[in-house]
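Asker: Can you make the complete structure from the sequences, with help from the hints?
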Amino acid sequence: MLVPVLVGGAAVAVAALAVFQPWRLFVDVEVVEALPTSAASAPPTATAPSTTSAEPSPQPTAPVVLATGRFVTHEHPTTGTVRVLELPDGSRVLRIEGLDTTNGPDLRVWLSDQPVLEGRDGWFVFDDGAYVELGELKGNRGDQNYALPADVDLDALSSVSIWCARFSVSFGAASLAAA
626 MLVPVLVGGA AVAVAALAVF QPWRLFVDVE VVEALPTSAA SAPPTATAPS TTSAEPSPQP
686 TAPVVLATGR FVTHEHPTTG TVRVLELPDG SRVLRIEGLD TTNGPDLRVW LSDQPVLEGR
746 DGWFVFDDGA YVELGELKGN RGDQNYALPA DVDLDALSSV SIWCARFSVS FGAASLAAA
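Converting from the sequence shown to our numbering requires adding 625 to each position, the first position being numbered 1.
Just so you know, these hints were derived from the structure itself, not from any lab.
Since we're looking at a predicted model, the values are computed, not measured.
Note that beta-carbon positions come from the ideal geometry of N, C-alpha and C, so glycine has one too.
It is possible that part of the hints are untrue.
[Claimed, not checked] Ranges of calculated distance between the beta carbons of each label pair, as one might list FRET restraints:
1. 745 / 713: 40 to 48 Å
2. 731 / 658: 14 to 22 Å
3. 687 / 792: 33 to 41 Å
4. 746 / 661: 17 to 25 Å
5. 780 / 730: 29 to 37 Å
Answerer: Here's what the structure looks like:
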């Protein structure tokens, strides 16, 4: 009688470990990605000398900040900032800087149309409306970049969540405000 109970208990323990992955609470993954830049520009081509003194308008060489935000804590303590950058080539990137949150299973970066609510009220709201997943969270600490699809409307999707897909809860979130 004791053997079936032990085997059943072991099976439950293994299943619980696979779902909850408690060791992640003790393992930090730090990511240090550089500020993104656009693809290298084409080499200059020879042109005939200009007879006018007008200089061509300079092209921007640094990213332009479109929106910013600061993370608030939800399910787990979360700090850091977020910026939406437009690169010189016209592409856009979501940049998370100084992130510090708890590691967890199946963490994702989402843009959402839901408002950021402080405390427990904000834990579960981000899958209630429209959202775009930008990818798996690369690390629970540091600086990281996520490409934004060209069709993302930042007026409609105005918040960022570190979303745990396994348990449908936000670890932390930031409202995006126009820069």
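Asker: Hint by hint, note whether the structure agrees.
Answerer: Evaluated hints:
The given range of 40 to 48 Å is respected by residue 745 and residue 713, whose C-beta atoms sit roughly 42 Å from each other. The beta-carbon spacing between residue 731 and residue 658, approximately 21 Å, falls within the hinted interval of 14 to 22 Å. The beta-carbon spacing between residue 687 and residue 792, approximately 39 Å, falls within the hinted interval of 33 to 41 Å. The hinted range of 17 to 25 Å is not satisfied by residue 746 and residue 661, whose Cβ atoms lie roughly 34 Å apart.
In this structure the supplied range 29 to 37 Å holds for residue 780 paired with residue 730, their Cβ-Cβ distance being about 33 Å.
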